[in-house]
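Trainee: Sequence:
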Amino acid sequence: MPNSENGRLVTCDLVCAGAPSPGLWSSFLAWVEARTGQKVVGYDFRPKRAGVPLGVESLELSDGTRHEGDVLGKTWRNIFGSGAAFRPSCHVCPYTVLERTGDFTLGDFWGVDKVKKGIDDGRGVSLVLAPLTSSEVFFPVDDADLLPAQAAVTKSQPALSHSHAVSPSRPAFWSAYVTGGFAKAASFLGVGTSMNTLKRKVKALIASDKPAKTSPYCSIFDASLYATGREGYTICEDPLRCTGCSACMAVCPKEAIAMVPNAEGFLVPRINPDKCVSCGRCRKACPSNGDAARTLKSAPLRAYAYRNDDEVRAHSSSGGAFWALAKPVIDEGGVVYGAAFDDRFAVRHIRCEDEVSLRRCCGSKYVQSDVGDSYASVRADLASGRTVLFSGTPCQVAGLKSYLKLCSGGGSPQLILVDLLCHGAASPGLFSDHVAFLESRYGHLTGFEFRNKDFGWHGYRNAAVFDGDGKRFGYDVSAYQEVFNFSYAARPACSRCPYACAERTGDVTLGDYWGVERYCPSIDDNRGVSLVIACTDHGNSLVQCIGPAAKLEEGQYGQRVLRQPCIPSNDRTAFWNVYRAGGYVAAIKRFTRYGVARRTVRNARKALRGLTEKMKGLACRSSA
106 MPNSENGRLV TCDLVCAGAP SPGLWSSFLA WVEARTGQKV VGYDFRPKRA GVPLGVESLE
166 LSDGTRHEGD VLGKTWRNIF GSGAAFRPSC HVCPYTVLER TGDFTLGDFW GVDKVKKGID
226 DGRGVSLVLA PLTSSEVFFP VDDADLLPAQ AAVTKSQPAL SHSHAVSPSR PAFWSAYVTG
286 GFAKAASFLG VGTSMNTLKR KVKALIASDK PAKTSPYCSI FDASLYATGR EGYTICEDPL
346 RCTGCSACMA VCPKEAIAMV PNAEGFLVPR INPDKCVSCG RCRKACPSNG DAARTLKSAP
406 LRAYAYRNDD EVRAHSSSGG AFWALAKPVI DEGGVVYGAA FDDRFAVRHI RCEDEVSLRR
466 CCGSKYVQSD VGDSYASVRA DLASGRTVLF SGTPCQVAGL KSYLKLCSGG GSPQLILVDL
526 LCHGAASPGL FSDHVAFLES RYGHLTGFEF RNKDFGWHGY RNAAVFDGDG KRFGYDVSAY
586 QEVFNFSYAA RPACSRCPYA CAERTGDVTL GDYWGVERYC PSIDDNRGVS LVIACTDHGN
646 SLVQCIGPAA KLEEGQYGQR VLRQPCIPSN DRTAFWNVYR AGGYVAAIKR FTRYGVARRT
706 VRNARKALRG LTEKMKGLAC RSSA
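Note that the sequence shown covers residues 106 to 729 in the working numbering.
In short, the hints are calculated from the structure, not lab data.
Built from N, CA and C at the ideal position, the CB exists for glycine as well.
Among the hints, a few may not be true.
Straight-line distance between alpha carbons at most 20 Å, and here's what the computed SDA-like set of lysine to any residue pairs gives [claimed, not checked]:
no., residue 1, residue 2
1, K694, V202
2, K432, A654
3, K711, G207
4, K432, C467
5, K510, T492
6, K359, D379
7, K179, S163
8, K359, N377
9, K179, V233
10, K576, S592
11, K694, F560
12, K153, S163
13, K711, K153
14, K656, R685
15, K389, R484
16, K359, R484
17, K656, S646
18, K470, F560
19, K221, V233
Pair ranges (Cβ atoms, derived) [said to hold, decoys possible]:
no., residue 1, residue 2, range
20, E437, P276, 50 to 60 Å
21, W279, G169, 29 to 39 Å
22, G548, P276, 38 to 48 Å
Take the sequences, apply the hints, and build the full model.
Mentor: And the structure:
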């Protein structure tokens, strides 16, 4: 038997998702008994009658009845799953790592079939973690069932890589419990009633025709970081609705407004009180004040699946539709505005009059761009009679439209607006830290690609190039991509975006056509396919000119961002707390696979050193 330090104690720790309140559990049992008029005589947290993955619990009452799969059989499980009832320390648990406190660790092996076929028979499989250096085992184990610890993290247990997320509803849940008891708290979460989970409530709110006045996630954001304006004067009526579109800065006649980064690296407007004359134009220009629907166009007229030639798609993130729309504008003497990296890999809107600069705008940039003086430049180009194509996120397009309405009375028939399917605006400051982190490891960064296609289009693989080096991939290069994908660093306004709907701000909407293999398999060659949505007659006529494209019927292009906003991670607060306390590296070590990979390599090296020393000792004893 492997022994602990005292030689006789053997310890076993459990893979823990969080510790709910014992007092709340007692209140739940009392609630069940009051509701049924019977005593609870048995409770099974994981009944196996329908197989291990059964998502309900089972309780038995004194009259012999069993509740399994109904409201009573789901209530406690749903409360546990919400994360609202956990001890606060569970959300910052230092033990949610591969380094364990016990001699061995036990847990459910969820996803075992993805790691090793033939083990899962529907009756239960345990995950057992034991030190690699141990020369003894607790019980006979088939070598074929030995798996690397990394598999436990990536395929099985999130509790081995990060703490349980803080539920945004936690304060309100406990307030409801204190004032109204268990029944009121359960009703608040939507359990113990006809609605089973908080998610269903949130989805119903998001799917409603009227945009929510307040976000169900407001509690996880610090509104003070997004306060706009100056003392005694606010530009955006609700700070958490500020999108950073810069319309307020562009419209100010006294140049009294500057966009400055806050503590999370997002640009927010600040007013110089010495220049401000309180004219109120900034408030009028803000698309987030009042009804955002004023900037929306009608529902899509047509939708298409489009792919350009291989050469164009090689420097595009999807099917090269942006190049097909923008290049004719350049060829005919027009101007194109789009997002591009500068020499320090900050993302800014640039003005393009040639193919070289236009190429810089191709490809995804999962960073919120700084529009700078682009709005004023667009107005000047339109005034000179030139055709202008402006591309950006829906909120940036809305900002331009609002600016032009105040300054010029509206848009122009020479203006082409292209909005992008947006999954949320990520922090520019955070990406700047990512660039600094990469350069500290590999040297001067000379190139960066979001969505590199060397291994195909289906997936999110980033690539970085450094001085004298080829393309580099890895967990460290893609750490920022994971932060983006899991919505740790999305702007608060993204959680209640009014533009995440079928009605669009632009003449044309562009995005990746995810799901193309289901509806247009013949066009999918794993090199990229664009979803092109024509939202106006003008936009539809432009799309007709870009070449052959497969026309799609409604329901064949159902992208999530056309139905609901970006849902922020429940770990967002924890992520930023770690970031502010320890910096970017500490945050990605805690919340991305980069940290897991480092710990796995470190443990493997430690185990190898221990085994080497042990073999050396055995060799010395045998020679003696």
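Trainee: Each hint needs a verdict: does it hold in this structure or not?
Mentor: Going through the hints against the structure:
{"no.": "1", "hint": "K694 with V202", "result": "11 Å, holds"}
{"no.": "2", "hint": "K432 with A654", "result": "17 Å, holds"}
{"no.": "3", "hint": "K711 with G207", "result": "17 Å, holds"}
{"no.": "4", "hint": "K432 with C467", "result": "11 Å, holds"}
{"no.": "5", "hint": "K510 with T492", "result": "18 Å, holds"}
{"no.": "6", "hint": "K359 with D379", "result": "10 Å, holds"}
{"no.": "7", "hint": "K179 with S163", "result": "8 Å, holds"}
{"no.": "8", "hint": "K359 with N377", "result": "10 Å, holds"}
{"no.": "9", "hint": "K179 with V233", "result": "28 Å, violated"}
{"no.": "10", "hint": "K576 with S592", "result": "26 Å, violated"}
{"no.": "11", "hint": "K694 with F560", "result": "26 Å, violated"}
{"no.": "12", "hint": "K153 with S163", "result": "10 Å, holds"}
{"no.": "13", "hint": "K711 with K153", "result": "39 Å, violated"}
{"no.": "14", "hint": "K656 with R685", "result": "48 Å, violated"}
{"no.": "15", "hint": "K389 with R484", "result": "18 Å, holds"}
{"no.": "16", "hint": "K359 with R484", "result": "18 Å, holds"}
{"no.": "17", "hint": "K656 with S646", "result": "14 Å, holds"}
{"no.": "18", "hint": "K470 with F560", "result": "19 Å, holds"}
{"no.": "19", "hint": "K221 with V233", "result": "14 Å, holds"}
{"no.": "20", "hint": "E437 with P276: 50 to 60 Å", "result": "57 Å, holds"}
{"no.": "21", "hint": "W279 with G169: 29 to 39 Å", "result": "35 Å, holds"}
{"no.": "22", "hint": "G548 with P276: 38 to 48 Å", "result": "46 Å, holds"}
The earlier numbered hints that this structure contradicts are 9, 10, 11, 13 and 14.
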